[in-house]
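Peer 1: Listed below are the residues making up each chain.
Protein chains: 2
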Amino acid sequence: MPHVVIVGGGFGGLAAARALRSLPVRITLIDKTNHHLFQPLLYQVATAMLMPGQIAAPIRQVLRHHRRTTVLLGEVTGVDTRNHAVEIRTGEGREERVSYDFLVLATGVQHSYFGKDEYARHAPGMKTMADATMVRNRILSAFEEAEGETDEARRRAGLTFVLVGGGPTGVEMAGAIAELSRLSMREDFRRINPQETRIVLVEAGPRLLPPFHPSLSESTARHLRGMGVEVMTGKLVSSIDENGCRVGDEWIASRNVIWTAGVAASPAAEWLGLSKGKVRVRFDLSAPGRPEIFVIGDVAYYEQDGRPLPGVAQVAMQMGRHVARVIQARLLNNAPPPPFHYTDKGNMAVVGRDFAVFENRRFKFSGRAAWLVWSMIHILFLALPNMRLTVFWQWVWSYFTEQRGSRIIVDPRNYSNP
Amino acid sequence: MPHVVIVGGGFGGLAAARALRSLPVRITLIDKTNHHLFQPLLYQVATAMLMPGQIAAPIRQVLRHHRRTTVLLGEVTGVDTRNHAVEIRTGEGREERVSYDFLVLATGVQHSYFGKDEYARHAPGMKTMADATMVRNRILSAFEEAEGETDEARRRAGLTFVLVGGGPTGVEMAGAIAELSRLSMREDFRRINPQETRIVLVEAGPRLLPPFHPSLSESTARHLRGMGVEVMTGKLVSSIDENGCRVGDEWIASRNVIWTAGVAASPAAEWLGLSKGKVRVRFDLSAPGRPEIFVIGDVAYYEQDGRPLPGVAQVAMQMGRHVARVIQARLLNNAPPPPFHYTDKGNMAVVGRDFAVFENRRFKFSGRAAWLVWSMIHILFLALPNMRLTVFWQWVWSYFTEQRGSRIIVDPRNYSNP
Chain Y
1 MPHVVIVGGG FGGLAAARAL RSLPVRITLI DKTNHHLFQP LLYQVATAML MPGQIAAPIR
61 QVLRHHRRTT VLLGEVTGVD TRNHAVEIRT GEGREERVSY DFLVLATGVQ HSYFGKDEYA
121 RHAPGMKTMA DATMVRNRIL SAFEEAEGET DEARRRAGLT FVLVGGGPTG VEMAGAIAEL
181 SRLSMREDFR RINPQETRIV LVEAGPRLLP PFHPSLSEST ARHLRGMGVE VMTGKLVSSI
241 DENGCRVGDE WIASRNVIWT AGVAASPAAE WLGLSKGKVR VRFDLSAPGR PEIFVIGDVA
301 YYEQDGRPLP GVAQVAMQMG RHVARVIQAR LLNNAPPPPF HYTDKGNMAV VGRDFAVFEN
361 RRFKFSGRAA WLVWSMIHIL FLALPNMRLT VFWQWVWSYF TEQRGSRIIV DPRNYSNP
Chain P
1 MPHVVIVGGG FGGLAAARAL RSLPVRITLI DKTNHHLFQP LLYQVATAML MPGQIAAPIR
61 QVLRHHRRTT VLLGEVTGVD TRNHAVEIRT GEGREERVSY DFLVLATGVQ HSYFGKDEYA
121 RHAPGMKTMA DATMVRNRIL SAFEEAEGET DEARRRAGLT FVLVGGGPTG VEMAGAIAEL
181 SRLSMREDFR RINPQETRIV LVEAGPRLLP PFHPSLSEST ARHLRGMGVE VMTGKLVSSI
241 DENGCRVGDE WIASRNVIWT AGVAASPAAE WLGLSKGKVR VRFDLSAPGR PEIFVIGDVA
301 YYEQDGRPLP GVAQVAMQMG RHVARVIQAR LLNNAPPPPF HYTDKGNMAV VGRDFAVFEN
361 RRFKFSGRAA WLVWSMIHIL FLALPNMRLT VFWQWVWSYF TEQRGSRIIV DPRNYSNP
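In order, the protein sequence lines correspond to chains Y and P. Reminder that position 205 of the first sequence reads as 205 in our numbering, one-by-one numbering, no gaps. Reminder that position 399 of the second sequence reads as 399 in our numbering, one-by-one numbering, no gaps.
Warning: the hint list may mix true and false statements.
[Unchecked claim] Under the rule of at most 20 Å between Cα atoms (straight-line distance), these lysine to aspartate or glutamate pairs were calculated in the EDC-like manner:
hint, chain 1, residue 1, chain 2, residue 2
1, Y, K32, P, D249
2, P, K116, P, D101
3, P, K32, Y, D80
4, Y, K32, P, D411
5, Y, K276, Y, D80
6, P, K276, P, D249
7, P, K364, P, D344
8, P, K32, Y, D188
[Unchecked claim] Away from chain Y, derived, C-beta distances all over 10 Å, residues of chain P:
hint, residue
9, R190
10, D249
11, G306
12, M348
[Stated by the list, open to error] Examples of chain P residues toward chain Y, derived with CB under 10 Å:
hint, residue
13, G53
14, R68
15, G74
16, R182
17, L183
18, S184
19, M185
20, W374
21, M376
In short, the hints are calculated from the structure, not lab data. For glycine and all other residues, C-beta sits at the position ideal for the given N, C-alpha and C.
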């Protein structure tokens with residue numbers, strides 16, 4: 001039975017595995033974590049609304065009824081394209097080669113500091129669950145430390161949050177930190193007033209949410225300002241260190257700079273001997289010169305109507321399903337399906353507890369209605385029914401009580417082992 | 001206004017804070033984590049049933065309506081008994097002195113390797129949330145690594161779990177690992193059969209659950225054996241390394257030895273200039289020669305009817321409330337309350353999804369009825385209403401689906417920062 005190896009259990013890889021299930025193939029899905037992460041809600045973990053387990057589903061649990069699918073936890077170190085094998089290393093440092101007849105690379109993106117990797121230490125970004133729990137620890141610890149701080153300038157710097165990058169993640173984080181400090185924590189401190197928290201959202205371009213219509217950028221900025229967020233557009237962050245960052249001409253003293261800007265492709269291209277970056281795929285999503293290797297999701301570069309497709313979950317899922325159709329046609333010697341074509345069902349971003357923006361080719365709207373649509377869609381797309389129910393419950397609970405779901409700091413230094 | 005400083009936000013410290021709320025005192029509660037941990041359910045986090053946030057409540061959130069209570073995150077480094085001040089160090093390394101009129105030490109216990117601290121690396125124990133999430137990572141990773149392992153002996157060692165210590169934690173962990181492997185993960189693997197997992201529970205004494213009646217120890221052992229757990233009593237663990245442990249005369253190859261045995265007092269006694277260990281308190285729970293300092297909970301040594309009180313939540317909570325009465329009497333120049341007397345409402349331990357043992361002075365019973373009582377009591381004692389609802393929901397869901405709540409591995413090595 002032909003063997004399909006999928007690398008990456010994100011939206012693209014999981015969609016491919018599901019779509020391939022009914023074909024006469026063996027499937028191996030390899031990921032370096034044991035869970036499918038629902039990235040659009042990662043900012044809610046980082047801001048203590050949801051618990052990690054509510055947005056991360058064990059991949060093997062999701063696929064447990066797929067009897068011909070094997071899930072392996074391991075890190076891909078390379079692809080032997082000549083001999084059709086993936087090289088992986090598992091947690092214990094053991095190396096293994098996994099042969100494939102078809103290979104699907106769905107390895108996504110990491111965040112990028114545009115060459116300034118030294119920023120990473122002072123301005124963490126968020127792509128993995130480990131990142132998000134670390135950012136959560138830092139945000140919650142900032143308030144704890146400010147409560148214990150006696151020096152006024154240091155206390156102010158401790159209560160200043162700067163978000164570098166005004167895309168959806170930056171906008172969502174700014175709104176969530178505003179709510180956390182101004183609503184959820186309102187009564188929790190005695191020495192500081194968390195409502196005095198300063199939140200700065202910096203965007204280098206002329207407006208927030210660049211991919212959206214300018215009127216939605218405008219209403220988002222207005223809503224954020226109403227929540228007490230300082231929105232700075234057209235401003236470059238020129239340096240970051242442990243004491244703050246320089247935004248345009250202004251130095252902002254802050255102990256909490258969070259990176260919500262650029263992303264860079266994972267090393268899939270290097271594995272295929274191509275130049276670094278995204279892999280420019282053909283109409284059937286195969287890699288150039290490698291008809292048995294497909295590249296999908298954020299790591300794929302595909303132009304449609306003269307523009308590259310955005311790195312969003314919908315694109316990855318539609319690509320995963322398309323690859324299954326291509327493989328099916330090859331196995332059955334049928335005519336290949338038509339070239340991949342992305343159907344955009346619309347894009348959303350959310351700000352706090354009752355405002356979102358939505359836009360597709362025909363409609364655009366913002367406000368509470370958009371927020372309700374956003375909530376329903378995000379709940380429906382969670383991978384396990386238990387997650388859908390507990391996230392729904394948490395949101396309803398938090399809407400009425402203004403409390404968060406999980407404000408705990410789990411510091412690895414708190415191991416009690418001697 | 002007199003100032004009461006409480007060190008430790010566990011069951012004892014929190015009960016004291018709540019009972020002192022109505023008195024004309026200022027209160028400062030200091031803890032080295034930001035959360036009150038519901039320790040009786042820590043084993044459920046370690047075995048992926050519950051998420052950390054479901055059993056850990058931010059202390060300042062719990063006490064947010066206590067207007068005269070300040071919560072500080074910091075580690076106590078010493079007590080200046082002469083000048084009535086506690087010395088603390090906060091997360092940023094800043095030192096602070098907090099003066100007190102009354103001091104309540106409720107600092108609990110750590111686990112103890114009986115002098116063999118080198119065991120800690122190979123046989124982690126569980127007292128903090130950081131411990132429990134690390135044990136969870138190790139248990140879940142054991143199955144992942146076994147699925148990728150080709151060497152048969154190593155695979156078997158990877159699927160062998162040894163629990164050292166047959167008290168409530170050992171019994172509960174053994175039952176939970178049996179369920180995790182034999183029920184929840186039944187369909188999830190392709191190369192290994194998780195139902196072949198070997199689970200060994202070792203107790204040095206003659207029977208499991210030493211504080212309980214022998215008939216309950218017997219029924220617990222029988223129930224565990226029925227779940228496929230090997231129960232070894234009267235066997236000493238004489239060595240532990242990364243490949244396994246020696247139990248009596250037998251070497252058990254295991255990559256997963258978990259320490260569920262002894263505990264040792266936290267350093268409260270040293271702070272008071274007393275000899276290491278628990279602090280032998282007077283009838284009003286004050287430290288010897290220090291009427292303004294009280295020691296409660298697991299770190300206090302108090303004999304009643306010729307026997308020391310056990311280190312359980314009930315004792316700590318009753319002590320916390322008693323201290324509030326003593327302080328009230330002193331402030332109002334009233335007659336002191338009668339000596340502390342512990343009212344034992346009963347003890348429980350639970351094995352898996354439908355068996356528990358219960359015993360108090362009048363009754364003892366085991367089975368499903370005890371399990372239902374156990375479930376209700378544990379839900380009621382969670383610190384926040386949201387936790388009660390989500391834990392209740394998770395248990396109902398898991399009872400019917402046999403699935404766990406949170407089987408994710410969050411490995412700090414998975415930071416995506418460059």
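Peer 1: Next, verify each hint and record whether it holds.
Peer 2: Results for each hint:
1. Under the criterion of a C-alpha separation no larger than 20 Å, the hint pairing K32(Y) with D249(P) is inconsistent with the structure, at around 40 Å.
2. Proximity of K116(P) to D101(P) is assessed by CA-CA distance (about 39 Å); at most 20 Å being required, the pair is judged violated.
3. Of the pairs offered as hints, the one joining K32(P) and D80(Y) is violated, with about 50 Å between alpha carbons and a cut-off of 20 Å exceeded.
4. Proximity of K32(Y) to D411(P) is assessed by CA-CA distance (about 10 Å); at most 20 Å being required, the pair is judged to hold.
5. Under the criterion of a C-alpha separation no larger than 20 Å, the hint pairing K276(Y) with D80(Y) is consistent with the structure, at around 17 Å.
6. Taken as a hint, the K276(P) and D249(P) pair is broken in the structure, with Cα atoms around 34 Å apart against an allowance of 20 Å.
7. Distance restraint check for K364(P) and D344(P): the Cα-Cα separation of roughly 13 Å lies within the 20 Å cut-off, and the hinted pair is therefore satisfied.
8. Taken as a hint, the K32(P) and D188(Y) pair is honoured in the structure, with Cα atoms around 17 Å apart against an allowance of 20 Å.
9. Taking the minimum C-beta to C-beta distance to chain Y, about 4 Å, the non-interface status of R190(P) is violated against the 10 Å cut.
10. With 10 Å as the threshold on Cβ separation, the claim that D249(P) sits away from chain Y holds: the shortest Cβ distance comes to roughly 28 Å.
11. Against the 10 Å criterion, G306(P) stays outside the reach of chain Y, whose nearest CB is about 31 Å from its own CB.
12. In this structure M348(P) is separated from chain Y by more than 10 Å, as the shortest Cβ-Cβ distance comes to about 24 Å.
13. For G53(P), the interface hint holds, the least distance from its beta-carbon to any beta-carbon of chain Y being 3 Å, beneath 10 Å.
14. The interface hint given for R68(P) is met, as the beta carbon of that residue sits about 9 Å from the closest beta carbon of chain Y, less than 10 Å.
15. For the restraint placing G74(P) at the interface with chain Y, the shortest Cβ-Cβ distance is roughly 6 Å, inside the 10 Å limit, so the hint holds.
16. Violation of the interface hint for R182(P) is found here, the shortest Cβ-Cβ separation to chain Y being roughly 15 Å, above the 10 Å cut-off.
17. Taking 10 Å as the C-beta cut-off, the interface hint given for L183(P) is violated, the closest approach to chain Y being about 12 Å.
18. Interface hint status for S184(P): upheld, as the beta-carbon distance to the closest one in chain Y is roughly 8 Å, under 10 Å.
19. Interface hint at M185(P): satisfied, since its Cβ lies 8 Å from the closest Cβ of chain Y, which is below the 10 Å cut-off.
20. Here the hint on W374(P) is broken, as its CB sits about 22 Å from the closest CB of chain Y, past 10 Å.
21. Using the Cβ-Cβ criterion of 10 Å, the hint placing M376(P) at the interface with chain Y is not satisfied: the shortest such distance is roughly 20 Å.
Hint compliance for this structure: hints 1, 2, 3, 6, 9, 16, 17, 20, 21 are not met, and every other hint is.
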